[in-house]
Amino acid sequence: MIAINTEAILETLAFVATFLLLPPLLVGIIRKTKARFQNRIGAPLLQPYFDLMKLMSKGETISKHTSWIFRSTAAINVSLLIILAFLAPWTSLRPFNLGADLFLVIYLLALTRFFTVLSALDAGSAFGREVTLALLVEPAVILCLAAIGSVSQTSDLGVAFSFNNVSLINQPGLWFIAGCGLFLASLVELSRMPADDPTTHLELTMVHEAMILENSAANLALVEYSHFLKILILLGISSQCLLHAIPFFWHTSQLILALASILSIMILAASIAIIESVAVKLRWTKLPEFIAYSVAMSIFCVFIALSKNLN
Amino acid sequence: MILDTFEALAMVSAIFAILILGTTHLRTNLSFYSLHTMAIAAVTAWIANITHEDHLYLVAAGVFIIKSWGIPWYLNSVIKKINIGTDGGAFIAAPLSMHLGALMLGLSFMISQQIPGLIGEPDSRLGSTAAMSILFTGVLLMLTRRAAISQIVGFLVIENGIYLFAVTQTHGMPLMIEMGLLLEVLVAVMVAGLLLFNIKKSFEHIDVSQLTELKD
Chain A
24 MIAINTEAIL ETLAFVATFL LLPPLLVGII RKTKARFQNR IGAPLLQPYF DLMKLMSKGE
84 TISKHTSWIF RSTAAINVSL LIILAFLAPW TSLRPFNLGA DLFLVIYLLA LTRFFTVLSA
144 LDAGSAFGRE VTLALLVEPA VILCLAAIGS VSQTSDLGVA FSFNNVSLIN QPGLWFIAGC
204 GLFLASLVEL SRMPADDPTT HLELTMVHEA MILENSAANL ALVEYSHFLK ILILLGISSQ
264 CLLHAIPFFW HTSQLILALA SILSIMILAA SIAIIESVAV KLRWTKLPEF IAYSVAMSIF
324 CVFIALSKNL N
Chain B
72 MILDTFEALA MVSAIFAILI LGTTHLRTNL SFYSLHTMAI AAVTAWIANI THEDHLYLVA
132 AGVFIIKSWG IPWYLNSVIK KINIGTDGGA FIAAPLSMHL GALMLGLSFM ISQQIPGLIG
192 EPDSRLGSTA AMSILFTGVL LMLTRRAAIS QIVGFLVIEN GIYLFAVTQT HGMPLMIEMG
252 LLLEVLVAVM VAGLLLFNIK KSFEHIDVSQ LTELKD
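Chains as they are written, first to last, in our numbering: chain A, 24 to 334; chain B, 72 to 287.
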C-alpha cells in the first residue's frame, strides 16, 4: 500500500521522472562514447531528446495499405514498457512493490516484441531475423532469472532483488554470472553490435531497423522512445544483478544504492559503446555461437541454484 | 553454501575452460586458456596462503609465467606463422559442445559427491568438481575439434585438470616434481608446435581427421 505522505509522493515522483527522462540520456551516452572512440566530438549528450522533439513536430506519412495495428503499435509498446518500468527491478529505488512475477516481466517484454513484429507484418517490413534472435535468447533470460528466483524461494523479482533477502546475501557467484548472462542476452535483445548494427543503412543487414522503416514522425518518436525505455529496463536488470554481487551494497544506505544503480546503468551503457567500438558485427551464421555464451552462463546459474537447493 | 575463496577460484577456472569450447576462433581459445590458467595459478597461491606451504608460491609463479603467458604466446606465434585463424570445423558444433561441457560440470558435481574420502577436513568437493569438469572439457576439446592446435589446447586443459585435482586434494606435491612437470609440459608444447610446422609443410593443412591418408 502507498502511504499518503510527502516523502512517499516525492519518492514516487523521483522514480517516475527517472524512468521517463533517463532513457534518451543513456542513448546519448552510448553515441557520445562511440564518437569519442572514433576520434569525433560527436553530437551533444542531450541530442536524443532534441531528436524526439523534432520527430514529434513533423508531419506523418502512413501507407494506405496498413491497418489500425500499425497506427497503435507504438502507443501500445510505450504503455507496456511503462508498466514494465513500474514492475521490473531495474533500480534499487522502487517506492512500492507491485509484485513482479519473473514470467510476467519476461513475457511483457515478449509482448512488446510481438506487437513490433505484428506492425512490421502489417507494413510489409522484414521481421524474421529479430524473431529468430528472440527465440534463441529467451531461454538464457528465463534461466538466469529463474535461478535467482529459485535460490530466493520466490518468483517475485521485486522480493528477490530487494537487498534484504537473506538467502541471496552470500551468493556473489550466482549474481555475477547471472549479471554477465543477462548483459550478453540484452545485447542481443536490444539489437546492439555483435547481433545488429544500429547505425546501418543497408536494409539487408538490419535487424531491428528493418521493422520500423515504415514509421515516421510522432509514430517513429514513440517507437524510438520505447526502444530507449527497453534499453533502460534490460540494462537496469543486469546492472542490479552485478550490484548484488558486491557485498558493500548490501550494507549501505538507500540513497547511495539509488545513485549506484543509476550510475551502474550508465556504466553498462558506456561499456556497450566500447564493445561496439572494438568488436565487429558477427556474421549471421556465427550468432548462435555468441548467444550460446549467454545460455551457458544461465546454465551455470541453474547449477549454482541446484547445488544450493541440494544442500 | 558459502564458497571458500580457493573453491570459487577453482570454479572460475572450470568456467573459463568451458568457455574455450564455445568458439572455434583459435586466438580467443588461447586467451580463454590463458585466463583459465591464471585462475589455477591463483588457486595454487591461495592454497599456499592457507596451508603455509611456501614452495607452492614458487609453483604458482611457475604456472603463471610458463603456462598462462609463455605457452599461449608461443602458440599464438605458431598460429601467426602457419597462418590459420579458425578451427576448420568441429565434429560437434561449438555452441553445442559448450552446453555439453556445462552439463559435464553438473555431472562432475554429482560424481565428486560420490567419491569416498573427499568429504574429510577440509571439505574440498567443489575443488574436485572443478578439476573433474576441466578434465571432461579437455577430453571434449580433443574429441570434437579438427585442427591440430586445438588438440594441443585440449591436452593442456587436461593437464591443468590433473594438476588442479592434485593441488586441491593433496595441497601440492614436492617442488621438484611440480617443476619437472612444468618443464615437461613446456617441452611437449614446443615439440607439438614444431610438429605443427612440419604437418603444415607436408600436408598443407592441420586437420587431424585427414592425417590417416598416406602422402609423401
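Quick caveat, the hints were computed from the structure, so don't treat them as lab data.
Treat the hints with care, as some may be off.
[To be verified] Quick look at which bits of chain B chain A covers, simulated, 3 or more residues with Cβ under 8 Å:
1. 79-91
2. 173-187
[What the hints assert, rightly or not] Below 25 Å or equal to it, Euclidean Cα-Cα: the simulated DSS-like pairs (lysine-lysine) are:
3. K272/B <-> K151/B
4. K309/A <-> K272/B
5. K271/B <-> K304/A
6. K151/B <-> K271/B
7. K87/A <-> K55/A
8. K272/B <-> K152/B
No residue lacks a Cβ here, since even glycine has one placed at the ideal position from N, Cα and C.
The hints, checked one at a time:
| no. | hint | in the structure |
| --- | --- | --- |
| 1 | 79-91 | holds (count 5) |
| 2 | 173-187 | holds (count 5) |
| 3 | K272/B <-> K151/B | holds, 14 Å |
| 4 | K309/A <-> K272/B | violated, 30 Å |
| 5 | K271/B <-> K304/A | violated, 31 Å |
| 6 | K151/B <-> K271/B | holds, 13 Å |
| 7 | K87/A <-> K55/A | violated, 38 Å |
| 8 | K272/B <-> K152/B | holds, 11 Å |
Against the hints set out earlier in the document, violations occur for numbers 4, 5 and 7.
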